[in-house]
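S.K.: The hints should help you fit chain G onto chain C, whose structure is shown.
Chains as they are written, first to last, in numbering that gives the first Met the number 0: chain C, 0 to 272; chain G, 0 to 241.
Don't take each hint at face value.
[Claimed, not checked] Which bits of chain C does chain G cover? Going by a derived footprint, with three or more residues having C-beta under 8 Å, they are: (1) 61 to 68; (2) 88 to 98; (3) 142 to 151; (4) 168 to 182; (5) 248 to 262.
[To be verified] When the alpha-carbon atoms are kept at most 27 Å apart in a straight line, the in silico DSSO-like pairs for lysine-lysine are as follows: (6) Lys50/C x Lys114/C; (7) Lys74/G x Lys50/C; (8) Lys74/G x Lys114/C; (9) Lys226/G x Lys183/G.
Note that these hints are calculated values from the structure, not bench results.
Ideal placement from N, C-alpha and C gives every residue a C-beta, glycine not left out.
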Amino acid sequence: MEPSITTTRSRRLRRISFALALVFACSLPVASLAKQTEEEKAAKEAAAQEKLLQVFVSEPYLELSTGPGRGYPVFHVVEREASVDVLYRRTDWFKVRDEQGVEGWARARDMRRTKLADGSPFFFNLGDRAGFTSHDWELGIGGGDYGGANLINAYGAYSLTDNMAVELTLSQFLGNSSNGYKAELGLIHVIVPEWRVSPILELGTGIVYTEPRATIVLPQDRTDQTAYAGAGVRAYLTRRFFIRADYRWHTIFTSRDDNQELEEWKVVIACFF
Amino acid sequence: MESRNRLLLLTLVLSTTLGLGGCSLLHWPFHKKPKVEAPQTEDQAAAEEEAEDADSTPPRVIDPNVARRKIKVPKIDNENWEIGAGMGFMTIEDFGTSSTYAAQINYHVTEDFFFRADIGQSTAGRTSFETLGGNIELLTGDERRFTYYSLSLGYNFLPGEVFLGRKLAMNSGFYLLGGIGSVKFAGDNRLTINLGAGYRVLPTDWLAIHLGVQDRVFDSDLLGETKVTNNIETLLSATVFF
Chain C
0 MEPSITTTRS RRLRRISFAL ALVFACSLPV ASLAKQTEEE KAAKEAAAQE KLLQVFVSEP
60 YLELSTGPGR GYPVFHVVER EASVDVLYRR TDWFKVRDEQ GVEGWARARD MRRTKLADGS
120 PFFFNLGDRA GFTSHDWELG IGGGDYGGAN LINAYGAYSL TDNMAVELTL SQFLGNSSNG
180 YKAELGLIHV IVPEWRVSPI LELGTGIVYT EPRATIVLPQ DRTDQTAYAG AGVRAYLTRR
240 FFIRADYRWH TIFTSRDDNQ ELEEWKVVIA CFF
Chain G
0 MESRNRLLLL TLVLSTTLGL GGCSLLHWPF HKKPKVEAPQ TEDQAAAEEE AEDADSTPPR
60 VIDPNVARRK IKVPKIDNEN WEIGAGMGFM TIEDFGTSST YAAQINYHVT EDFFFRADIG
120 QSTAGRTSFE TLGGNIELLT GDERRFTYYS LSLGYNFLPG EVFLGRKLAM NSGFYLLGGI
180 GSVKFAGDNR LTINLGAGYR VLPTDWLAIH LGVQDRVFDS DLLGETKVTN NIETLLSATV
240 FF
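Next up, chain G with everything else stripped away, as it sits in the complex:
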């Protein structure tokens, strides 16, 4: 009887030992609870994280490291300048009409406005007084040279197209001009005010043909009393945009 009790007790102890060991291995009955970690210092945590990053590179489905296409934006050509030359007639008050040669440069600021600088030269003819009076010469040859320049603001006010036949259309436009400048005539420099208008036709986008008329007004005291003179310039010119 005693030995049976002892056997029973030993079996119980053995099964308890084994059973508890098994439970501790399987974490039963706390297997669903999160494992409580011992509090760490920050340094330790950081060191661990670093180690984790170093040895674990998880496979990625999408690789975000796509090489970015580098776009180098080429410089866009600005074609706002227009340069050219022309010839025409200059009517110098009291001195008749003679040929003139001129050069101009324009800067287009907007589609409506542009700046123009122009320079020209003509030679004055003879006054009626000189013609009728015989051998009278009011001015020497050098003094008859009529050299002028002006700085103007232009306004494109009637843009349009001209049609040559059925197939060809060319851009065109009227413009108004106004500005100030100077004229060297009869050995003297004078301030001029210039007002005018022009018509421009563009056979291509870079070439323009201008027909323009400008009145260059200045005070002259050449024939005794000071008076306002109007000098009309009519010019046909060709310009190139660049």
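Just chain C, with the same shape it has in the complex:
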């Protein structure tokens, strides 16, 4: 048995090339067919260079299901020492293709027990407590209160270290006197990333767009710069989920004489990956 990394056309590129071919077929006259085949050839060559990961089954067998979920039936097994090509991953399932070309979904838990061609274990991140401590991305949605107005917000964060992350928050607030949107860029400092529940500190800046409610006569819409300092907690829930609650103290640099100060609190349900 010769372990190797096989090269196969990727599905996505195939899809793109199919879409391209369709567009070409519809929009171009038949005379341009020669050009089209050249482009297809180039796309094929590019796809051929993309490599798929090959792993070897080291347990007695590897079960393949018909779908990426625990309820879907097992329809095929790959024997020990046989190899599978990893096509892609969706949540905690891997779409794989065996040596006979049978494609199916293998559980991440089972894939953890396979080996690479050099005999080393196949390592990838699982959504667990270790991942909560150390991960790259966070994504969350939530709601709260922003100076008395209802707040809806979504955020994304990228971790620079286990302790420090850069976050972008987009929010809309809906109040009795005014509505508006805000976008903020800031830093999160996780004080003890190893803990299940850890305090966090926040610092950032952004812009806030405010429009007065139609029923109240006020100065016209305005866009101001804002800065905030905040504190909160994040707590691991299960799998890839955690909850985050925080308080932010905002200073809005208005064009009027005084800066406006606002309090914000919110609760966010988030995931990491």
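M.R.: Frame of chain C; chain G shown alone:
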């Protein structure tokens, strides 16, 4: 007599000399004992060892210097995002039912849960009051535009398969949705709570067809008093995993 004694003595001396010389050559009778070496300084010992290593390369049966196969692990494609668009009907309370267009993006966190962000637009019809009252217009054309978005958490709760004939099986599933969002209607923005359910069929692993119903609830004071309005959206959409 004297000469015989001398001869005997000389023979004895000669044999002793030769015999002892031979013994010293053969290390007898200490030939089995290890040779006692004179104590060396550490520097000398080190220098000798180095010299020994340099000139003696013993032949090896198994060569352990096999080139290790380097495996470069290709990045595995994660297909947790799902994007798509659809159209359907929006029943706006008091304003009748009209068509709606919506776009959505989903992120699948686990096999059970996903996040969804969606945005849509519809145009409100006429209230019964306007229809019966003749020339009365409650809202201008622009104000009738009903634009909404929501951020939801979804739960896949009945995964399954649908069978089309004998040969074709497609994965499917029901899901529940709940979230918050906002609607812009009649010149005002309102906070909405959305609750709904959907059914998803996947003809292939990367394409999904959704049929979903969501109730978007918000407080409205448009017709005098503030009341809770329920606005039902029925949507047929297609999404692609990437």
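S.K.: Could you run down the list of hints and mark each one as holding or not?
M.R.: Hint check:
1. Look at the region 61 to 68 of chain C against chain G: 4 of its residues bring a Cβ nearer than 8 Å to a Cβ of that chain, three or more, so the hint holds.
2. Only residues whose C-beta sits within less than 8 Å of a C-beta in chain G count toward coverage, and the region 88 to 98 of chain C has 7 of them, enough to reach three; the restraint holds.
3. Coverage of the region 142 to 151 of chain C by chain G holds [criterion: at least 3 residues with CB-CB distance below 8 Å; count 3].
4. Only residues whose C-beta sits within less than 8 Å of a C-beta in chain G count toward coverage, and the region 168 to 182 of chain C has 3 of them, enough to reach three; the restraint holds.
5. With 0 residues having a Cβ less than 8 Å from any Cβ of chain G, the region 248 to 262 of chain C misses the three-residue criterion, and the hint is violated.
6. With a CA separation close to 17 Å, the supplied pair Lys50/C and Lys114/C stays within the 27 Å bound.
7. The suggested pairing of Lys74/G with Lys50/C holds, with an alpha-carbon distance near 9 Å, which does not exceed 27 Å.
8. As the CA atoms of Lys74/G and Lys114/C are separated by approximately 16 Å, the hinted pair is consistent with the 27 Å bound.
9. For the suggested pair Lys226/G and Lys183/G, the alpha carbons sit about 16 Å apart, so the restraint of at most 27 Å is met.
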